[in-house]
Amino acid sequence: AQSVSQHNHHVILSEAASLELGCNYSYGGTVNLFWYVQYPGQHLQLLLKYFSGDPLVKGIKGFEAEFIKSKFSFNLRKPSVQWSDTAEYFCAVNAGRGSTLGRLYFGRGTQLTVWP
Amino acid sequence: DTGVSQNPRHKITKRGQNVTFRCDPISEHNRLYWYRQTLGQGPEFLTYFQNEAQLEKSRLLSDRFSAERPKGSFSTLEIQRTEQGDSAMYLCASSLGSRVKTQYFGPGTRLLVL
Numbered sequence: 077a078q079s080v081s082q083h084n085h086h087v088i089l090s091e092a093a094s095l096e097l098g099c100n101y102s103y104g105g106t107v108n109l110f111w112y113v114q115y116p117g118q119h120l121q122l123l124l125k126y127f128s129g130d131p132l133v134k135g136i137k138g139f140e141a142e143f144i145k146s147k148f149s150f151n152l153r154k155p156s157v158q159w160s161d162t163a164e165y166f167c168a169v170n171a172g173r174g175s176t177l178g179r180l181y182f183g184r185g186t187q188l189t190v191w192p
Numbered sequence: 033d034t035g036v037s038q039n040p041r042h043k044i045t046k047r048g049q050n051v052t053f054r055c056d057p058i059s060e061h062n063r064l065y066w067y068r069q070t071l072g073q074g075p076e077f078l079t080y081f082q083n084e085a086q087l088e089k090s091r092l093l094s095d096r097f098s099a100e101r102p103k104g105s106f107s108t109l110e111i112q113r114t115e116q117g118d119s120a121m122y123l124c125a126s127s128l129g130s131r132v133k134t135q136y137f138g139p140g141t142r143l144l145v146l
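Each protein sequence line maps, in turn, to chains A and B. Residue numbers for the first sequence follow this note's numbering, beginning at 77 and rising by one. Residue numbers for the second sequence follow this note's numbering, beginning at 33 and rising by one.
Chain A on its own, in the form it takes in the complex (with noise of 0.2 Å):
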C-alpha cells in the first residue's frame, strides 16, 4: 500500500520566517500530489496540486511546493510565513490504476504555528 510520510509533526515559527514542510511518499508510478490546509475550526481546504508539467507549483497564499521524482517527494514552502498562516498541513497523494485512482492517501499532517 502506499504511504505519505511527514516528517514534522509540530513546526513552530515568528512571522516573516520561510517554511518548508517535508513529504515523501512511497509508490514508483505516476502520482498526482496535493497539500491541503486546515484552519482552526474549518474544513480543508485545497492548498495546491500538482498533476504534471513543470514541477515547481505555486498555490493560494504565497504558498509553493516542487515536485521531485527522484527523492519521490513533494515539500511545501513559503517564504515568509504570516500569523494567519496557523494551521495543519496535510500532504496527500493519489496513486494507483484504474479504480484506487479515487483514493487520497494522506500523511499525518503538520501543526504550523506562527507567533506574531
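Just so you know, these hints were derived from the structure itself, not from any lab. In this text the structure is predicted, and so the values were computed from the model without any measurement. The C-beta atom is built at its ideal place from N, Cα and C for all residues, glycine as well. Wrong hints could be hidden among the right ones.
[Stated by the list, open to error] With a Cα cut of at most 25 Å, we get these calculated DSS-like pairs of lysine-lysine:
id, chain 1, residue 1, chain 2, residue 2
1, B, 46, B, 103
2, B, 133, A, 134
3, A, 147, B, 133
4, B, 133, A, 145
5, B, 133, A, 125
[Unchecked claim] So these bits of chain B aren't anywhere near chain A, every CB distance computed over 12 Å:
id, residue
6, 50
7, 60
8, 88
9, 96
10, 98
11, 103
12, 106
13, 117
14, 125
15, 143
[Unchecked claim] Now the stretches of chain B that chain A is said to cover, found in silico as 3 or more residues with beta-carbon under 8 Å:
id, stretch
16, 40–47
17, 66–77
Starting from the known structure of chain A, fit chain B onto it as the hints suggest.
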C-alpha cells in the same frame, strides 16, 4: 454556501447503537468520497462512489459500515453496533469528472461513542 455539507456535525451515541451520517456533495459532482480521521492522524480513505456505483471500499470499512448513494446525489454512511473505536471525525468529499480531480471536503461529522 454551495460547498460540501454534512449532517449532523456532531453525534454522541452509546456503544451498540446505530448511527447514520449524511453528505451532500457540491452540485453536479459525480464522485463522492468518505474518509475517517482520528486525533493526530491524517484522513483515511473509507469508500467512494461514482454516481450511484460504489467503486472502492477500504479494508477499514468493516461489515458494520455501509454506505449508499442511491440517486447519485447525497450519500449516507451508517455504522451499526457502534464501538468506542469508531469515535472519529467522518469526512466527506466530492469531485467532478471520471479521472483524478481535486477533492473538495466538507466540515465533517464528529462521532463520539460512549
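Structure-based check of all given hints:
no. : hint             : result
1   : B:46 with B:103  : violated (31 Å)
2   : B:133 with A:134 : holds (17 Å)
3   : A:147 with B:133 : holds (24 Å)
4   : B:133 with A:145 : holds (20 Å)
5   : B:133 with A:125 : holds (10 Å)
6   : 50               : holds (26 Å)
7   : 60               : holds (18 Å)
8   : 88               : violated (5 Å)
9   : 96               : holds (20 Å)
10  : 98               : holds (18 Å)
11  : 103              : holds (20 Å)
12  : 106              : holds (17 Å)
13  : 117              : holds (18 Å)
14  : 125              : violated (8 Å)
15  : 143              : holds (16 Å)
16  : 40–47            : violated (count 0)
17  : 66–77            : holds (count 7)
The earlier numbered hints that this structure contradicts are 1, 8, 14, 16.
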